Amino acid sequence: MAAPLLDVDGLSLEFRTRSGVVKALEDVSFQVAKGEILGLVGESGSGKSVSAYAAMGILDAAGCVTAGAIRYDGMAVTGAPEREVAKLRGREMAMIFQSPRTALNPIRTVGDQIGDVLRRHGGATRQTARARAVEALAQVRIPDPARRARAYPFELSGGMCQRVCIAMALACRPKLLICDEPTTGLDVTTQAAIMALIVELCRERGMGALLITHDLHLAAETCDRIAVMHAGHVVETGAAADLFAQPRHPYTASLIAATPAAGRTLDAIGAIPGNLPDLRAALPPCRYRARCPRALGVCDADPLPPLGSGHGVRCHNPLGCNPMGEEATVDHAAA
Amino acid sequence: MAASRLGIVARRVGGAIPSLVGVVVVTFVLTRSLPGDPAVYFAGLMADAESIAATRARLGLDRTWIEQFVSYVERLFAGDWGVSLQTGRPVLTELSQRLPASLELTLAGLLFAIGVAVPLGVLAATRPNSWVDHLCRVVVTAGVSLPTFFTGLFLVYLFYFLAGVAPSPLGRLDFIYFSPPHVTGFYTIDTALAGDWWTFRGALAQLVLPALTLGLFALAPIARMTRASMLAALSADFVRTATAMGLSRRKVLWTYAFGNAFLPVLTTLGMVFSFLLGANVLVERVFSWPGVGSFAIDALVASDYAAVQGFVLAMALLFVAVNLLIDVIYTLVDPRVGLEG
Ligand SMILES: Nc1ncnc2c1ncn2[C@@H]1O[C@H](COP(=O)(O)OP(=O)(O)OP(=O)(O)O)[C@@H](O)[C@H]1O
Ligand SMILES: [Mg+2]
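Residue numbers (my numbering), protein chains in the order written: chain A, 1 to 335; chain B, 336 to 676.
Check the hints yourself; a few may be wrong.
[As the list claims (entries may be wrong)] Covered, in the sense of this in silico footprint (three residues per stretch, anywhere, with C-beta under 8 Å from a C-beta of chain B), are these stretches of chain A:
no. : region
1   : 10-18
2   : 88-97
3   : 114-127
[To be verified] The calculated label-pair distances, taken between Cβ atoms and stated as ranges, are:
no. : chain 1 : residue 1 : chain 2 : residue 2 : range
4   : B       : ASP572    : A       : LYS34     : 23 to 31 Å
5   : A       : ALA271    : B       : ARG671    : 35 to 43 Å
6   : B       : LEU528    : A       : GLU155    : 30 to 38 Å
7   : A       : GLU155    : B       : LEU446    : 32 to 40 Å
8   : B       : ASP572    : A       : ARG16     : 22 to 30 Å
9   : B       : SER570    : A       : ASP224    : 32 to 40 Å
These are calculated hints, taken from the structure and not from any lab test. It should be emphasised that the depicted structure is a prediction, and the values quoted were computed from it without experimental measurement. Using N, Cα and C, we set each Cβ at its ideal position, and we do this for glycine too.
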């Protein structure tokens with residue numbers, strides 16, 4: 001297998017804040033291959049955005065990588081000088097965010113904002129920037145792009161603003177696109193249209209993508225592979241079809257069970273018991289331990305097993321084909 | 336787009352008209368409510384009831400308020416703002432001769448303050464908890480706690496009396512210089528226009544200390560607002576986007592962050608300018624600056640009502656003009672303005 005486009009390898013990261021050290025990521029690994037869409041799922045606060053920001057090199061000053069590495073196309077992002085990483089941003093890898101309205105400069109026309117990016121990376125001049133911005137808007141299927149280029153963000157709908165963000169991100173033809181909940185806050189039909197656009201453009205250009213989302217259906221439909229995060233750990237990763245058909249980590253299973261679906265009544269939807277642990281406190285090796293119905297004695301003592309390749313899981317007692325399964329349930333009931 | 340922008344600006348200008356009307360009405364009411372009967376005053380010491388009545392009729396004081404107001408406005412527009420008792424010259428002449436002195440001082444102070452406070456605030460915001468940030472905090476605290484007349488006297492003591500590097504604090508030009516030919520009324524500009532660099536230096540030397548005094552006073556609010564709005568802008572989503580797009584740090588800092596942070600600073604500048612007009616009155620006194628402020632103090636002490644009234648009117652007009660200017664700049668910078676209104 002060729003080297004992955006984005007390789008996050010055993011990344012640990014903490015925020016040194018006034019209220020203590022937040023161990024936001026621990027031994028996080030995932031890869032995005034060229035042309036592949038990797039979905040990153042997990043509940044709020046599990047470290048999805050932090051992972052993405054670290055990959056882009058745009059963590060705020062309090063964030064501090066303590067172990068591991070991030071490589072883009074073989075080049076180290078962590079530990080590299082800021083000027084080198086800045087060269088990758090916008091040109092090699094680009095990112096779109098949630099709440100597209102606030103993600104754009106309110107007092108600059110969207111055409112000028114796309115033009116700024118093109119002039120920085122795409123070799124556009126002051127004269128050609130406008131025409132190329134209009135072109136970029138046309139490529140994200142914005143009707144009447146010449147007129148829209150002159151608009152300010154507040155004059156556009158949320159969906160339109162997200163299209164503008166996508167246009168801006170893709171203007172310089174990056175090889176990797178990171179989408180942090182790109183459709184949160186948009187209405188359902190717009191969500192579908194934006195997602196379809198992202199997937200279509202990725203496939204069309206052979207771009208790798210990291211798609212962060214809460215929405216498991218969306219992830220199942222659009223992603224090739226999935227990585228599930230919980231409290232700063234990647235707990236399971238695998239091909240989307242496998243992972244949803246046969247989840248192996250108890251957290252993945254309960255996430256799937258907690259997702260509303262057609263033909264499932266409200267009673268059948270199980271909420272996940274407990275909350276994410278406080279990442280500032282001392283944490284057990286498995287951060288899901290306190291919420292886990294399948295916990296064993298070994299969970300408190302031993303470090304998590306490595307993720308492994310293929311359909312990997314970091315659990316001492318994963319679901320399916322597990323001889324200790326029955327025993328575990330008993331153990332939990334007794335505890 | 337540009338046309339509608341122009342339309343909004345035109346509306347802003349139109350919107351200033353009610354303020355102007357208000358200013359004129361208030362100054363009119365102010366004079367009518369001042370103690371004492373002007374008819375008695377103007378008729379002189381030896382007047383009897385008959386001559387007082389005659390004077391009253393001559394001054395139009397026997398007519399209705401409406402009629403008086405109309406004739407007041409007519410006289411204002413005809414440039415008749417009354418005659419100053421102290422100097423015996425028309426108030427409008429006095430004010431227009433002294434206003435450039437005050438404006439030159441105020442603007443010099445404001446420019447100094449902007450030149451120091453804006454970079455200071457920006458640097459403090461981009462490097463939180465660095466020495467610049469601490470310096471910014473010290474400046475802000477010192478600025479709000481030192482009264483201007485004190486700073487003025489202190490600077491005079493330090494640089495004129497002790498160090499001897501500043502000229503005596505006696506007006507706009509030392510007596511060894513000739514005042515420059517009148518073009519703008521700003522001595523520094525007029526001397527520069529005339530190419531008289533020797534006098535230019537003299538005028539500048541006189542200007543430094545009073546402008547510094549005013550500037551130090553204006554520094555605090557501008558620095559504080561710049562720092563706060565810059566911090567807010569730097570943590571805004573659109574700055575994160577710009578960074579993620581790999582734009583240069585300078586572009587992110589100035590075009591994206593400062594472009595937005597500038598708007599609240601602009602509003603503050605308008606406010607600071609009005610404060611400075613007030614602070615001027617004291618600073619002009621300390622430095623014997625022949626501006627409208629010292630004229631107004633003398634007029635007030637001498638119960639020179641026409642002069643006081645003229646001063647109030649002039650300041651109010653200036654105030655309206657400055658706010659209008661700020662509004663217009665704001666409208667030109669911020670596309671969102673005027674659409675919700
Ligand atoms: N700048 C920061 N300073 C301190 N802690 C932070 C900072 N940014 C993130 N964290 C912490 O890191 C953890 C992971 O946050 P992150 O934003 O990555 O979650 P997320 O999975 O993206 O959640 P969401 O779905 O809500 O976006 C959280 O516990 C959060 O409190
Ligand atoms: Mg997030």
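Hints, verified against the model:
Given a C-beta distance limit of less than 8 Å, the hint that chain B covers the region 10-18 of chain A is violated, as 0 residues qualify and 3 are needed. Coverage of the region 88-97 of chain A by chain B holds [criterion: at least 3 residues with CB-CB distance below 8 Å; count 7]. Figure legend: the region 114-127 of chain A, annotated as covered by chain B; annotation consistent (4 residues with Cβ-Cβ distances under 8 Å, at least 3 required). For the pair ASP572(B) and LYS34(A), the beta carbons lie near 29 Å from each other, so the given range of 23 to 31 Å is met.
Separation of ALA271(A) from ARG671(B) is about 42 Å and conforms to the stated range, judged on CB atoms against 35 to 43 Å. About 46 Å separates the C-beta atoms of LEU528(B) and GLU155(A), a value inconsistent with the hinted range of 30 to 38 Å. Range check, GLU155(A) to LEU446(B): Cβ separation about 36 Å, and the 32 to 40 Å hint holds. Range check, ASP572(B) to ARG16(A): Cβ separation about 23 Å, and the 22 to 30 Å hint holds.
Take SER570(B) and ASP224(A): their Cβ atoms lie about 35 Å apart, and the range 32 to 40 Å holds.
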